[in-house]
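Colleague: For reference, the chains in residue letters:
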Amino acid sequence: MEKEKNKSLNFVMKIFRRYYKNLSPFSVEKIEQREFGFMFFNKEGMVRHTAFKSVNELSLYLRKHVPAHVYYSTAFYERPDAPTMEEKGWKGAELVFDIDVDHIPTECKKKHDKWFCANCGNSGNGAPPPACPVCGSEALRTVSWVCDECLEVAKEETNKLLDFLLIDFGFSRSELLVCFSGHRGFHIHVLSEKVYSLDQDARREVVNYVRGLGLSFPSLVKAKLWENYGWINRLMFTAYEKLSVRTPESVYKKLARKKKLVDILVNECIERYGCQIDERVTVDIKRLIRLPLSLHGKTGMIVSIIDDLDLFDPLEKASPLSSNEYIKVKLKDAPEKILNYTLDKRNGVVKLPINVGLYLILRGAAEVVGDEY
Amino acid sequence: MEELWLKYPFTKKAIDYLKNIKVDLDVIRRDKSLVEETIREIESVFMRKNHRNYLIEIHDPLRNLLVFYLSVLFLRTVSNTLLNSKFAVHEAKKYYALLSKEPEDFILSFAKEEFNIGIREEEVYGAKFYSLHFVDYLKYAAKLSGPWSLINQVIKNGYVLITRNQLNRILQEAVRIKILNMVDQPLSNKELIREIFPEEVQYLINLCEKYLKPVEIDEHAAVKISDENITVIPPCMVKIMNDIKRGVNVPHAARFAITAFLLNIGKTVDEVVELFSSAPDFDERKTRYQVEHIAGLRGSGIRYTTFKCENMKALGFCYPNKLCKRVKHPLQYYRLALRLMKYGKREK
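Quick mapping for you: the protein sequence lines, in order, are chains Z and R. For the first sequence, the residue numbers in my numbering are 535 to 907. For the second sequence, the residue numbers in my numbering are 5 to 352.
Hints in this document: simulated from the structure, not taken from any laboratory. For clarity, every value in this text was computed on a predicted model and none was experimentally measured. A virtual CB, placed ideally from N, CA and C, is assigned to each residue, including glycine. A few of these clues could be false.
[What the hints assert, rightly or not] Just the calculated beta-carbon pair ranges, DEER-fashion:
id : chain 1 : residue 1 : chain 2 : residue 2 : range
1  : R       : Asp-64    : Z       : Lys-728   : 50 to 60 Å
2  : Z       : Asn-590   : R       : Glu-117   : 40 to 50 Å
3  : Z       : Ser-753   : R       : Glu-127   : 34 to 44 Å
[Said to hold, decoys possible] 25 Å max Cα-Cα, derived DSS-like pairs, lysine-lysine:
id : chain 1 : residue 1 : chain 2 : residue 2
4  : Z       : Lys-728   : R       : Lys-243
5  : R       : Lys-160   : Z       : Lys-625
6  : Z       : Lys-756   : R       : Lys-312
7  : Z       : Lys-820   : R       : Lys-160
8  : Z       : Lys-820   : R       : Lys-116
9  : R       : Lys-329   : Z       : Lys-728
10 : R       : Lys-332   : Z       : Lys-820
11 : R       : Lys-182   : Z       : Lys-728
12 : Z       : Lys-756   : R       : Lys-243
13 : Z       : Lys-820   : R       : Lys-214
14 : R       : Lys-132   : Z       : Lys-820
15 : R       : Lys-116   : Z       : Lys-625
16 : R       : Lys-194   : R       : Lys-214
17 : R       : Lys-329   : Z       : Lys-756
18 : R       : Lys-194   : Z       : Lys-820
19 : R       : Lys-312   : Z       : Lys-820
20 : R       : Lys-326   : Z       : Lys-625
21 : R       : Lys-214   : Z       : Lys-625
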């Protein structure tokens, strides 16, 4: 057992080391002003408050230490390696958004997610309830997986967000860095000098805007004037469709003295266009986030930079390995599906594409057997 | 247009003008009526007033300029942060009233040259509007509440569309921050000012003593947990209270959080209203109305509770200590801390 574990770790380290060794030069905006954090395979905890003068210096570090997880600050600091936040001297921060299916209820979770009660041993499928329905304990453990359906949901949310950023907020696509998180979603970085100075209150306003929080129905005058812009546009579009009318005047005629109907329309509109982001990430101006192009230590996938979201296939585009290679592994309660790859068996020894194997090993659902690696 | 700038003593142009004419403090000292006027100006910060009182006209810009600078000098000598915020709010409202009447071209260059806010002119169906980049908008409007929320604005390609009235109000906020920064700046030769104006400085200090005494709420009660003194009021709430007392203009959500918290631990509406009396934009009638609303004495009759920890964290108000690890809600923290204080610690 111990031997197999070691074999698996060696395999993983080998892949990670090779990836960082072959990684071609990349760029990190204002790298000298960022804090870096690392987590390792054979050590507990996180190494923080690290800084690098250049990408070259960072690359050398990655090759030498082969970390499991690499994070960098969305913030820029005077002294990024200072041990306390006060001493660092905050200068500004990227505007970032995190879309993670973990936070979004999806139908497919019933198929691949499970929860267990640590108290009474009861278990169930799908997202965990607030407390165990049998014994009432809140100590629930979950096992969750990602399938292609989950990722489609995340893509859809990301597309909604991109609409807000490109159309409403007027950023150009070149100012946006869209990354696969390496696991269950996407990170969107806004790299525009203009937004770096936004404080937490201001970022909260941006969050509320993209989530649709606090949206109210505009006056008729406003609707007539600004029918084509922002949320008024989204609201009017929803109203036209629901009420089968085509002008703001007729919308207001139909809605006159029907407060409940107005509320229903507003909620419908928010549900359709509001974007489910993890608001804490956006509001936090001193956050660490995964470094684009680094490897995710729980999946072995690249935090890849995405040009065309709709065409993005993680197993193909975000894997450090070619899918033509195979590896023999012993499965242990593996899910039926990993992203878009369907497994025939859930337990026992199988031969799998090497990227799927790496994923399962890192998630603890498989171990290397045989000596190919 | 040049002379218009002189009406606004905090602008670069006015400051340059003042530098050129080289004012001598000794000459000012002998101008008793000017010193008197300056004291009245600062004093007026404490007077109850409604919007109309601010509709003033400046007939003698140079004298106004001197009064303003002497006020700033006095405030920097007294260096009371509460007085400073109140002064900044007061002055900003005054200049808002003036700005509202200025011609458009002046307003646009005022925004550009003083605050680097580029304002565009917009026309929709013949109606006149203005627009500014949403980052500039949020810089000044994110601290304002309700109708100023970004989601209920019209944003076109990154630019927020606003009316002239909204523009004036945004400039008021910009002016407030600018004046606050001026008076908050430390003064190196305080002693000199005290020597030249001993009575005036003492008078202002007495005024602060009289009007700006912070309210004491027993947030200092503490319990010791593994060598750390832990307050009975959770640290997030202590922070908000201290901010309010120091005259920091805390955001709307924080005001709601502290109000709901205090009401739920048994503070009266009066006590909560008193806490807010040190807020720079304090208006007793409005505050009372809102506090009563949260207490469930008005409107829907629902008594609100404060945010849970998760939301406080999301709002950026969370400053956790050791005890926080064991709770999910500030009220839960309070009850736990009280229990620990009463029965001693029962720690693992």
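Colleague: If a hint holds in the structure, say so; if it doesn't, say that too.
Modeller: Right, here's what the structure says about each hint:
1. R:Asp-64 with Z:Lys-728: 50 to 60 Å: Hint violated: Cβ distance 41 Å, outside 50 to 60 Å.
2. Z:Asn-590 with R:Glu-117: 40 to 50 Å: Since the Cβ atoms of Asn-590 of chain Z and Glu-117 of chain R sit about 43 Å apart, the hinted range of 40 to 50 Å holds.
3. Z:Ser-753 with R:Glu-127: 34 to 44 Å: For Ser-753 of chain Z and Glu-127 of chain R the Cβ distance comes to about 19 Å; the hint is violated.
4. Z:Lys-728 with R:Lys-243: violated (30 Å)
5. R:Lys-160 with Z:Lys-625: Cα-Cα ~28 Å, so violated.
6. Z:Lys-756 with R:Lys-312: violated (36 Å)
7. Z:Lys-820 with R:Lys-160: violated (29 Å)
8. Z:Lys-820 with R:Lys-116: At roughly 30 Å apart (the allowed maximum being 25 Å), Lys-116 of chain R and Lys-820 of chain Z break the hint.
9. R:Lys-329 with Z:Lys-728: Given pair Lys-329 of chain R, Lys-728 of chain Z is violated - Cα atoms ~37 Å apart, limit 25 Å.
10. R:Lys-332 with Z:Lys-820: holds (23 Å)
11. R:Lys-182 with Z:Lys-728: holds (20 Å)
12. Z:Lys-756 with R:Lys-243: Status violated; Cα separation ~40 Å.
13. Z:Lys-820 with R:Lys-214: Violated, because 41 Å separates the two Cα atoms, which is more than 25 Å.
14. R:Lys-132 with Z:Lys-820: violated (40 Å)
15. R:Lys-116 with Z:Lys-625: holds (23 Å)
16. R:Lys-194 with R:Lys-214: Satisfied, since the Cα-Cα distance of roughly 22 Å is no more than 25 Å.
17. R:Lys-329 with Z:Lys-756: Answer violated: Lys-329 of chain R to Lys-756 of chain Z is near 47 Å, above 25 Å.
18. R:Lys-194 with Z:Lys-820: This hinted pair is violated, its Cα atoms lying about 37 Å apart.
19. R:Lys-312 with Z:Lys-820: holds (22 Å)
20. R:Lys-326 with Z:Lys-625: violated (30 Å)
21. R:Lys-214 with Z:Lys-625: violated (40 Å)
Consistency note: the structure conflicts with the earlier hints numbered 1, 3, 4, 5, 6, 7, 8, 9, 12, 13, 14, 17, 18, 20 and 21.
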